[in-house]
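17 is the number of the first residue of the sequence shown in the working numbering; add one for each residue after it.
Any given hint could turn out to be false.
Below, computed lysine to aspartate or glutamate pairings styled on EDC-like, alpha-carbon distance capped at 16 Å [what the hints assert, rightly or not]:
(1) Lys-370 x Asp-435
(2) Lys-263 x Glu-361
(3) Lys-373 x Glu-423
(4) Lys-424 x Asp-530
(5) Lys-396 x Asp-346
(6) Lys-396 x Asp-552
(7) Lys-260 x Glu-301
(8) Lys-333 x Glu-383
(9) Lys-82 x Glu-70
(10) Lys-424 x Glu-361
(11) Lys-220 x Glu-232
(12) Lys-373 x Asp-346
What the hints contain is simulated information worked out from the structure, not anything from laboratory work. Note that the structure is predicted; figures quoted are calculated from it, not measured.
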Amino acid sequence: MSKPKAKGKKKGAATPKRHDFLDGTVRLLRDSAGNVCSYPGCHRHTHGAKASGEGALTVGVACHIKAAAPGGPRFDAEQTRDERRHFSNGIWMCQTHSKLIDADNSAHSVETLLEWKRNAETRSNSQLNQKSFTENEVKKAVDAGSVSMLQRWVNQSADPLETPIPELIRGYESSLSDLDPRFTIEVNKIGNDYTHVIQAAQDKVDIQLVLQGLDEIEGFWEAKKAFIEEGRELLIPGKHFALKGSKLFEAIQQKSQRYDQGALSIGRVRKPIVANLYLRTDKEEEVFIESFTCYYTTGTARTVFEGTALEGFIAVKAHCSHEGQDHKFDLTFNVEAWLGKNILELPRFSRLLKAAKHMASGRLVFELEVGSNAAAFDSKVSAGSDEFHEQLQWIIFYLDVARRVAEKCGQPILLNEIDFDYKLYVELKKYVKLLAGPIYTKRSPGMLCTGAFDYYEGYSFRDLEKKSFPSSIKLLQQNSLVFGLLGSVIKAPRIESSYTSIETVYFSDIEERDSPKVEIQTTADTDILIQLHPDDSWVVLESWEASEPAATTD
17 MSKPKAKGKK
27 KGAATPKRHD
37 FLDGTVRLLR
47 DSAGNVCSYP
57 GCHRHTHGAK
67 ASGEGALTVG
77 VACHIKAAAP
87 GGPRFDAEQT
97 RDERRHFSNG
107 IWMCQTHSKL
117 IDADNSAHSV
127 ETLLEWKRNA
137 ETRSNSQLNQ
147 KSFTENEVKK
157 AVDAGSVSML
167 QRWVNQSADP
177 LETPIPELIR
187 GYESSLSDLD
197 PRFTIEVNKI
207 GNDYTHVIQA
217 AQDKVDIQLV
227 LQGLDEIEGF
237 WEAKKAFIEE
247 GRELLIPGKH
257 FALKGSKLFE
267 AIQQKSQRYD
277 QGALSIGRVR
287 KPIVANLYLR
297 TDKEEEVFIE
307 SFTCYYTTGT
317 ARTVFEGTAL
327 EGFIAVKAHC
337 SHEGQDHKFD
347 LTFNVEAWLG
357 KNILELPRFS
367 RLLKAAKHMA
377 SGRLVFELEV
387 GSNAAAFDSK
397 VSAGSDEFHE
407 QLQWIIFYLD
417 VARRVAEKCG
427 QPILLNEIDF
437 DYKLYVELKK
447 YVKLLAGPIY
457 TKRSPGMLCT
467 GAFDYYEGYS
477 FRDLEKKSFP
487 SSIKLLQQNS
497 LVFGLLGSVI
507 KAPRIESSYT
517 SIETVYFSDI
527 EERDSPKVEI
537 QTTADTDILI
547 QLHPDDSWVV
557 LESWEASEPA
567 ATTD
């Protein structure tokens, strides 16, 4: 049996109920935004004391991102009541911008408002424990600071220390950040180069990288493979890429292309690790050379280690696969890394020389400190290891001889030229032995030298015999040795040789009776003393033109 219909006047359609925020949610939205409007660039304070001082005044609005009721902007019918009035569905705005986002629904999407909210909360957090200024206070401070900086800039010619460098750099960094507030910029000067460290100021930042014409880049695909498998640096010339979605990066790229020198470098972060270089002898003894910082990158296939020791003289490259089945180790040396250095100040040279004395039978070892453990790469496993050690040993020995000579010179000897001459090395080794003091030696009996006398009428050999010719003789090098050493021209002391217990024979040829001669011979009792002439010194000449004729050596 059907229920009878009620009679009476028909009621109008019911008004949909709004799901407004609770008071606690309103306060949370206001506090999370730092009491300022979340509209980008607005930053107007929305809560403060009344002019009368009696109570507080609020001009902010807790706005719904998705409308509180049907028919409102960005309404989502799938939301529940609790979801509509939840903190996550609200954004704090000033009254002006609260009306704007509802009036133009198409320009203010849910995603846009959520991003504004995140940015406002990030800014609010960054303002904690920071000073707050009104616009007038800031204007006065800027005016005063600008005048002060201008005065310092004008006065820099009289006092260079007054140049406002910190303010200029901060202003430059701030101007760059204004191009895209999602990033912070820090400018550093290293040597003659300026680096710009650009970091995201928020967790998620989207930039579009557009690549083109990659087949035109020589070796690109091999470099891309190395980037993926090993984390190595991948360089892309400026004309083959474009950065979109950031005014900051677009401006940087436009400027770099203006000078045709821009390139994009992509690579894994190079992480530091402590490395040690030492020599292991054939008796398994270790000669430590140096600890240094090595850097490594990791890709999908292997980890790569690279570093330099002894201020660039020795370079290390190694890699090992993640499975541990593939590993490689390369050592190289480059004397050019020491160009311009005083050869008496070469880094760790005494250790290097000690290691070089064992290189004929030993080998260099590169060791990485991984936590409490160590991973070692032995140079003996590298191709051409023997040749490498032989060449390195020769270079070190040559520099050692050069350093011994430099110690006796009155001015620094710089490594300005890389010219390692074997004949000069052999000759200088003789001088280096004499630097330690005189050398005493013997020789087989035989003729030492001959000479001639001037003939004087009325004199004969009998007159010489009566004078008892001495049993010793001293021979002095006629001309000093002048040589080029690593870019310097050096004049060595003359070598002096003294012979004792010698025998002399006087004679003349039948055809040349008026040319008496003498022949000096050493005997079994002859002692020889060789030394650098005590009145001579080592001299660094300005040029070859300033030198005397070089001595001829056997």
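Which of the numbered hints above does this structure break?
Of the numbered hints, 1, 2, 3, 4, 6, 7, 9, 11, 12 do not hold.
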